[in-house]
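Visitor: Keeping their order, the protein sequence lines are chains A and B. Be aware that the first sequence starts at 1, since it is given in the working numbering, and climbs by one per residue. Be aware that the second sequence starts at 1, since it is given in the working numbering, and climbs by one per residue.
These aren't lab readings, by the way, just hints derived from the structure by calculation. Do not rely on the hints blindly, as some may be mistaken.
What the hints assert, rightly or not - Here are the simulated EDC-like pairs of lysine to aspartate or glutamate, each with C-alpha atoms no more than 16 Å apart in a straight line:
1. A:LYS74 - B:ASP25
2. A:LYS41 - A:GLU152
3. A:LYS74 - B:GLU38
4. A:LYS120 - A:ASP91
5. A:LYS120 - A:ASP89
6. A:LYS79 - B:ASP160
7. B:LYS252 - B:GLU281
8. A:LYS79 - B:ASP6
9. B:LYS187 - B:ASP160
10. B:LYS3 - A:ASP77
11. B:LYS165 - B:ASP265
12. B:LYS34 - A:ASP77
13. B:LYS34 - A:GLU82
14. B:LYS46 - A:ASP91
15. A:LYS79 - B:GLU38
16. B:LYS3 - B:ASP25
Claimed, not checked - Here chain A is said to cover these stretches of chain B; the calculated rule only asks that three of the stretch's residues, wherever they fall, bring their Cβ under 8 Å from a Cβ of chain A:
17. 34-43
18. 201-213
Ideal placement from N, C-alpha and C gives every residue a C-beta, glycine not left out.
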Amino acid sequence: MNSEDLNRTYLRFAHQFLESYDNPSRLAIIGMQTRGVFVGKRILESIQKEFGADIDFGILDVTFYRDDFRSKLKMPDVKVTEIPFDLYDRDVVLVDDVLYTGRTVRSAMDALMSYGRPRKIQFCCMVDRGHRELPIAPDFTGMYVPTHSKEEVRVKVKELDGEDAVYLVDVGEEEDE
Amino acid sequence: MNKPPDNYAFNQKHLLGLSDYSREDILYVLEQAKSFREILDRPIPKVPTLRDKTIVNLFYENSTRTRLSFELAQKRMGADVVNFSASTSSTKKGESLKDTIQNISSMKIDMVVVRHRSPGVPHFLTQCVDAAILNAGDGAHEHPTQALLDMFTMQQFHSDLRGKKVAIIGDISHSRVVRSNIIGLTKLGAEVVLCGPKTLIPVQVKALGVDVSYNLEETLAWCDVAMALRIQLERQDEGTELFPTLREYHEKFGIKLDHLDKYPDFKIMHPGPINRGVEMESEVADSERAVILDQVTNGVAVRMAVLYLLSGGNRVS
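Next up, chain A with everything else stripped away, as it sits in the complex (with noise of 0.2 Å):
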């Protein structure tokens, strides 16, 4: 996917977003550390651009929330989280670039209840790439890519990357397609 592809499904999901509202003032949404911040606010953007609306930020940052930290050699270095509202009564979008295994978002739907009581979590992601371990589904997903578990998804952005893309990666053979 290159970026123009990007644009498009960023459109749909702030089409997406705001289909069951007459007023959006109840909507927040939150990108995950750290490509899904990213993601986030491009969606964002297309939110402000498309309907004028300003919808409430913030970035989530689940390290101390994971199941998994521990069967690393190293301890994971801990990103900033920053939600500078309310989540009382909100319908909340999290929104992260690769669904995998599930366990990140579980993480983060623990860590979204440590800041207040949200009336609703609806997750996001540009790419499912499939292979869950918990029962968790998408609201809204970019698009959907069959994988093997050899092969690595990669969002790129332009912040941190240089380019707004999505890879398929052979695991141990680089950047093809």
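Got chain A; can you put chain B on it based on the hints?
Guide: Same frame as chain A, now just chain B:
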């Protein structure tokens, strides 16, 4: 450079003192502590990160702040905590330190926070047990988490400490806080001046790369941060006191309201507990220039960061 380089990896197993930590290690801990500081502001300030860990707080010496702060940090991260204080334990029955720690360790402890009046006890414990050891103050040697929280607090108003001027005022001789701070601050590139009566400043201290002043006015005019230390009367013997009276000490080395007007730039810190009217006038401690209570809050965050980093990934052999 205010952050560790990209290829940096934190590789410490214990926190015995800042002398074992590199500049990058210190910057990394402080950087991570920012994320933990944020947790404390959440409606539910608790994360499950250490719920698989058991920690013992081994306090052979009295403490309010440090002990509560450690315990709170541990509980905020969901660890199981057991507390030990020498006065109510088998130490009174003559059990040795090594036996005590090995017994506690047999109960499957992952981390030990220790305070002891003898310098070197944390080092000694690393040889007795497998757990991660955190020094919460050993004699007049080091008190690394206090220095880390002091530097964290300074970073909140001076994001880069290089070239910043820090004055440490008061009882230098008996202070472990000052040793850790000198080591840490000089590694981060700050300039440190020690100030106090001659009897409270050891002569060899310049070897640590700091300057000494016996003039409070000069020091306050120079510094960006003034850290007052508590006069530790319990460590001075009767008959050989190191200064005539507390009132005279306050007269010469106490920070007063006039100083705040005269030198409008410096911030005031104190590791606590404060003797109001000795190290500083009561109004000074309550003024807007004092960040003493911020230090206490930050202490919990810094200790959370240290506990997190030392709780370790899966150490595959």
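Visitor: State for each hint whether it applies.
Guide: Hints and how they fare:
About 14 Å separates the Cα atoms of LYS74 of chain A and ASP25 of chain B, which keeps this hinted pair within 16 Å; it holds. A hinted pair counts as satisfied when its Cα atoms are at most 16 Å apart, and LYS41 of chain A with GLU152 of chain A does not qualify at roughly 23 Å. With a C-alpha separation of about 22 Å, the suggested pair LYS74 of chain A and GLU38 of chain B falls outside the 16 Å cut-off, and the hint is violated. The hinted pair formed by LYS120 of chain A and ASP91 of chain A meets the criterion: a straight-line CA distance of about 5 Å does not exceed 16 Å.
For the suggested pair LYS120 of chain A and ASP89 of chain A, the alpha carbons sit about 8 Å apart, so the restraint of at most 16 Å is met. The hinted pair formed by LYS79 of chain A and ASP160 of chain B fails the criterion: a straight-line CA distance of about 20 Å is larger than 16 Å. For a cut-off of 16 Å, the pair hint linking LYS252 of chain B to GLU281 of chain B stands: about 12 Å separates their Cα positions. In summary, the hint linking LYS79 of chain A to ASP6 of chain B is supported, as the alpha carbons are separated by about 14 Å, within the 16 Å threshold.
Between LYS187 of chain B and ASP160 of chain B, the direct Cα distance comes to roughly 12 Å. Compliance with the 16 Å bound is thereby established for this hinted pair. Simply put, LYS3 of chain B and ASP77 of chain A have alpha-carbon atoms about 13 Å apart, close enough for the 16 Å limit, and the pair holds. Distance check on the hinted pair: LYS165 of chain B and ASP265 of chain B sit about 11 Å apart at the alpha-carbon level, within 16 Å; holds. Annotation: proposed proximity of LYS34 of chain B to ASP77 of chain A holds, straight-line Cα distance about 12 Å (limit 16 Å).
Taken as a hint, the LYS34 of chain B and GLU82 of chain A pair is honoured in the structure, with Cα atoms around 12 Å apart against an allowance of 16 Å. Taking the CA atoms of LYS46 of chain B and ASP91 of chain A, the gap is near 23 Å; set against the 16 Å cutoff, the hint is violated. As the CA atoms of LYS79 of chain A and GLU38 of chain B are separated by approximately 11 Å, the hinted pair is consistent with the 16 Å bound. With a C-alpha separation of about 10 Å, the suggested pairing of LYS3 of chain B with ASP25 of chain B holds against the 16 Å cut-off.
For the segment 34-43 of chain B, the stated coverage by chain A is satisfied: 7 residues place a CB nearer than 8 Å to a CB of that chain, which reaches the threshold of 3. Counting residues of the segment 201-213 of chain B whose CB lies closer than 8 Å to any CB of chain A gives 0, which falls below the minimum of 3, so the coverage claim is violated.
Of the hints listed earlier, those the structure fails to meet are numbers 2, 3, 6, 14, 18, in rising order.
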